[in-house]
Amino acid sequence: MPNLDGTVGINGTNKAHDVALIQVMLRVVKNDKGLPYLNANYTGVSDKATTDAIAAFQKDQKLLPVPVQAQRAGAAVGGRTAVLAPPVVAANCETEGLLGPQSKTYKNLVAGLPPQYAGVRTILGLKTVFLEQPANDATTSLHAVLNASGLNAAFGSQVVNLIRAFYDAHKIAIWVDPRDGYTRDFDKQNELYSVVVNGQHIKSNSGPGESNHNWGFAVDIGFQAFKWLKPDASIVTDDAWLQALGRANYNDFATLWNVRNQIASANGLYPTHKKADFIHLQNFDDSQVSAGHSLAAQLARVGKFKWEFSKGSYETDLGSGGKLEAVGNASQLWSKTSHPSKGLIVAAKNAHEKAAWAKLSQDQKDKLKHAAIAKLPAGTKPAAGIEPGLKVWTEADITDAMIGEAKLAIRQEMEAAEAKRDQWVPTP
Amino acid sequence: MRSLWLSISLPISLILMSCGKSAPSPSVSKVTIAEPNYQVRTKLDLGGNSVAHLATKATAAKTQSILVMIENGGKPSVPFSLPVAADDPNFREANDEAIAGDPVDSQTPAPILASGEEAKAVKSWLRPIKLKGATCVLAEQEYGFEVIQRNHTVVCLKDGKTSQVWAHSDIGAPTWSSVDLRDPSGEGSDEIVYWEGFYGADVETLTAQGWTWSDGQFHESKVTTHLVVAGTYPTAKAAQAARADINQKKPNCAMNLWVLATKPGHFALATKTTHDPKILPKWKQWQTCYPALAVSN
Chain A
1 MPNLDGTVGI
11 NGTNKAHDVA
21 LIQVMLRVVK
31 NDKGLPYLNA
41 NYTGVSDKAT
51 TDAIAAFQKD
61 QKLLPVPVQA
71 QRAGAAVGGR
81 TAVLAPPVVA
91 ANCETEGLLG
101 PQSKTYKNLV
111 AGLPPQYAGV
121 RTILGLKTVF
131 LEQPANDATT
141 SLHAVLNASG
151 LNAAFGSQVV
161 NLIRAFYDAH
171 KIAIWVDPRD
181 GYTRDFDKQN
191 ELYSVVVNGQ
201 HIKSNSGPGE
211 SNHNWGFAVD
221 IGFQAFKWLK
231 PDASIVTDDA
241 WLQALGRANY
251 NDFATLWNVR
261 NQIASANGLY
271 PTHKKADFIH
281 LQNFDDSQVS
291 AGHSLAAQLA
301 RVGKFKWEFS
311 KGSYETDLGS
321 GGKLEAVGNA
331 SQLWSKTSHP
341 SKGLIVAAKN
351 AHEKAAWAKL
361 SQDQKDKLKH
371 AAIAKLPAGT
381 KPAAGIEPGL
391 KVWTEADITD
401 AMIGEAKLAI
411 RQEMEAAEAK
421 RDQWVPTP
Chain B
1 MRSLWLSISL
11 PISLILMSCG
21 KSAPSPSVSK
31 VTIAEPNYQV
41 RTKLDLGGNS
51 VAHLATKATA
61 AKTQSILVMI
71 ENGGKPSVPF
81 SLPVAADDPN
91 FREANDEAIA
101 GDPVDSQTPA
111 PILASGEEAK
121 AVKSWLRPIK
131 LKGATCVLAE
141 QEYGFEVIQR
151 NHTVVCLKDG
161 KTSQVWAHSD
171 IGAPTWSSVD
181 LRDPSGEGSD
191 EIVYWEGFYG
201 ADVETLTAQG
211 WTWSDGQFHE
221 SKVTTHLVVA
231 GTYPTAKAAQ
241 AARADINQKK
251 PNCAMNLWVL
261 ATKPGHFALA
271 TKTTHDPKIL
281 PKWKQWQTCY
291 PALAVSN
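From first to last, the protein sequence lines stand for chains A and B. In this text, residue positions in the first sequence follow the working numbering: the first is 1, and each later residue adds one. In this text, residue positions in the second sequence follow the working numbering: the first is 1, and each later residue adds one.
What the hints contain is simulated information worked out from the structure, not anything from laboratory work. Take these hints with a grain of salt, some might be off.
Claimed, not checked - Stretches of chain B that chain A covers, calculated by requiring three or more beta carbons in the stretch to come under 8 angstroms of a beta carbon on chain A:
id, stretch
1, 112–119
2, 140–147
3, 172–181
4, 194–200
Backbone N, C-alpha and C define an ideal beta-carbon position, used for all residues, glycine too.
Construct the entire structure; sequences and hints are all you get.
Here's what the structure looks like:
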């Protein structure tokens, strides 16, 4: 059912969305000759063509007072009335060139809509007219959310409430993008990150663990088979991202996303501050959140190593307790293509040896010490500052296999971060 | 990462001077680019005594406007603000982080002005464009984190102002866009080929639109593209799986393939180009990578 808010026509309130709606109706409702009442594009601006079209429709619907001249002519033809009565105003007569939500003109216009346009609607602030969607679509959409795996339960309820509220308000069913719009595992995120065209990450610059989708607190919720009308009232079926509308009328594209965001906000959801990601919603404000710092904090929280994030790269001590070094981006950490240096591996191995040494009994240490001294060439003393028997690694000892083990250990840190995603905390 | 290019990051202290008897319009004479925080970040020589500046300027909203200004004969003009401002005032050079042009015959613009990380990431750069009777430059921006968006704007020097004459942007979505400039007729004006790709749920699209320059403005024109097909498949999913397999097994086969519907029930791993792919240096390598490689119009 169309939704007219104010009056349209001569001396009407003529809000752009109302005018657009009525202009569409006057364009698709035809007169007895099969011609539209308004033979022009809909613009949202009430002009003479619009008010003339309203008046012409009213006239055809016999909703206007019979002109005095016409009554006189009628009297003359009948020839029985000696004294002219005042002009007859039918009970359902309307103001010429004006209609409102309760007017007979509007109701007749709605009744005359062709079936494919029966659901024309608008939203305050929007100049584009669209077609309402069946209530079943919203029901199916919210059931999909309820059945989705990986979403935080409270967050899922907020999304369901949004779908319900948006449909109630505007008769548009919004949907979580079934392909990538729910919770993504690190593998999926890495797949999105790895789509590269001409050297550019065209799907996402977020690596595994760097998207809020990886933690169950985000969805991509947009449109599906949303039908809107071009200026000539022809119907366009748009995609989840409203790309066609965005190209045709960027202001209305942005307005429609803002309308969704307002209802989302009322349901405790937040759009992202990340530029261009209109479809995305989550359950926290990310204006001060760094995806990199959040992942590094998660790695440090649930893993065995120290982690920090700086300038697009993750830094770790590989468990040495010493200096941190950059080992790669999130995709590299996940795909075992990180680049731990030999020095970093040496530091980690030596720290491991020292920790193991510290756990030995004095008796065990003495045995190892004596064995080490015994192996020394005759007349040689143990190197100063090095405990005989304690294995000391140098870069020359590090093999490719050890580098591979370090990359695997880094991957295992990422796996731990993913497995314990309930412990993830948005971090500035 | 190299440090900021200090030689051009100093505030410029130019005030647009009166031009004597052939003075520009009053609005131009009021313009000053000597305001605090106005910094020229990079310059592009446009030839003919003209230079394009990519500059930044702090705004009241604590963002940094990114401006393009064409200077002719040492006279500055009213700058043009690019659509996306930077949130982070720390700018750096990121010359290896963007590629522009045709899908199979791309180029690296330089220098690229970058600012911010993640949500605040914005990159901007200039590319020369030849247009008869006008002094112009193509300014482009790329921004976003989870979703990446790009805009492309041609600005020209006119009546003392750097003014927009053409602009296009991809919508915030899994899209990719790029502008290729070419002058196939050799008449001295570049044609614009605007490429846009979209990653739909199954099938992807890759389209080209053209604009030619005449009478001081751009006119939409027809673009002829070649379809470069690496393989055909009965379903989109099969094509996607094949692409994933190729990316894993042949990571050095540097052709970016799209899953395109060629006709009902037929899906191709393919790309498009306006250039003749067979004369490109990469053609032989691609033939090795993709034994079934074929080109159609």
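So which of those numbered hints doesn't the model satisfy? none
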